[in-house]
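Asks: Chain by chain, the residues:
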Amino acid sequence: MFSPDQESMHPSRRRELQLERLRWSVGHAYENNAFYRKKFRAAGCEPAQVRSLDDLRRFPYLTKEEMRAQAPYGLFAVPLKEVVRIHASSGTTGNATVAGYTRGDVDLWATLMARTIASAGGGAEDVLQVAYGYGLFTGGLGAHYGGEKIGATVIPISGGNSERQLAIIRDFGTTLLACTPSYAINLADYAARSLPGFDFRKTRLRAGIFGAEPWTEGMRQEIETRMGIDAFDIYGLSEVIGPGVACECSAKRGLHVFEDQFLVETIDPDTGEVLPEGSQGELVYTSLTKECCPVIRYRSRDISRLFREACPCGRTLIKMDKVYGRSDDMLIIRGVNVFPSQVEAVLMQVEGVEPHYQIVVDRQGALDDVEVRVEVGEAIFSDELKVMADLSEHIAARMRAVLGISAKVTLVEPDAIERSAGKARRVIDRRTL
Amino acid sequence: MNIPQLSVFLENKPGHLQNVLRVLADHAVNIKFFTIAEVKDFGILRMVVDKPEEAHAALKAARFACSLAQVIAVAMSDTPGTLLRLVDAFGKRNLNIEYMYAFADRHGGHSITLFRFEDPEAAARALEEEGYQILKWLPQGDLQT
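Sequence order for the protein chains is A and B.
Residue numbering for the first sequence follows my numbering, starting at 926 and increasing by one per position.
Residue numbering for the second sequence follows my numbering, starting at 219 and increasing by one per position.
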């Protein structure tokens, strides 16, 4: 553990620490940021009301739309001269959300990322290849600072250029890889296709820290098998701090949330009602020590489940399941809720299917039409038509049985589905509602 | 004695067949026999070519899902009832034909039928026992009695 005192703290002692920090954070937001002050007053809330952790529930939620509307600096609670770094979300669905960091925030973030690297078994002797994009996106610099904090040897290659990535893994003796899970699969594909002599098992690569998009157990197994490594899930959001909000440990049974820094709640995404631990719902985050951009009850839109269990790793931190999907990625198909990750999980249970797929939703008359496009890789290609037709029928039957949706499964040629070095585009929704 | 047959997965869309044929043309691969089996959205192109290994490698490099399989070619007289007798030879041995396709030969009033079996060796034995001639594969992709 990088911060053993914090990560394995006795839960009752941690609750005291959380309350003390929560009072500071709410007070800091209220006193030093006009947006929060107005928002809290409108809801009839003030910092003095926080006498227990449950009192946080009196405070209103902060939404992504509000954050966008406040961009770039409307959520800063310190003067710009104290801000040393700016990041922004990709903003593919509208304006970006902007996050600022004081020197203290950057150091906190680096510490959290150092914790995640330690959680994946990494340390000062490791060579960390950071293949997340560098820039406004938090992935690259987040992993970079965490790597330096723990004393690892950091290779800041950024995303893209698979041939070079693989050459560096081989020649520089990379032991840890940090990138999106879909890019890890891209690398494995590239190696298999274009570098016949490349064998991941002959490199020093032993683990990967993969995040920035939801992924499934099936994808983990595929990465682990093809690359011969341990694959760990890391979670974070630029609105909260970036990667390093939560991560898996060697147990790979849920992600520990660093709750000494962030309070996490689960709510019903439709009604906003707070749900008990163990329920599936949208995660809501409150930062406890962040200076530049305190977030009070930020609705992440990520759907997961929180639970506590004695973990063999010794951390006493609350756990969250791998994110099932985002509430805004959730497709409602003929009234059935479906996450792309669930479709992926079904596909990955079919022998030989690779996680290259796309879900196309359209509306014919009053009914939703779902097409799942699946690439035909070498492992599932057969020269017998019947075998191929059976395969698509089998996948459609699994979708019906597991997800309760009738999807048309279309087999497509390799590379027919657009690839990206960053996040994969899994859903095309052509419905105009 | 088995004939290497190249199979390629194709989406049933305009231009896709051309993409395959262009790769083969670029590698100076000559197609000897050719058939497409299709369902609604996709088809499987099956070919006997003069340079199967090279064609297979070129298509793989061009990111097509493809494979090489062994088929059996038989020549027989182009007359009524001959195909029935031939297929009977497999039927009575309970050998299932995965798929087959036939061409009329330009020379000598023969037709050539290509068969795909799960167990080509058993099929070849059956044909020998029944006195059929199995065509040989020549390196240039030609078939010879």
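In case anyone wonders, no lab produced these hints; they're calculated from the structure.
No experiment lies behind these values; they were computed from the predicted model shown.
Mixed in with the good hints, there may be bad ones.
[To be verified] The following label-pair restraints were derived from C-beta to C-beta distances:
hint, chain 1, residue 1, chain 2, residue 2, range
1, B, A243, A, E1309, 35 to 41 Å
2, A, E1276, B, R311, 26 to 32 Å
3, B, R311, A, G1290, 50 to 56 Å
C-beta: ideal position from N, C-alpha, C; glycine also.
Asks: In ascending order, which of the hints set out earlier in this document are inconsistent with the structure?
Replies: Of the numbered hints, just 1 does not hold.
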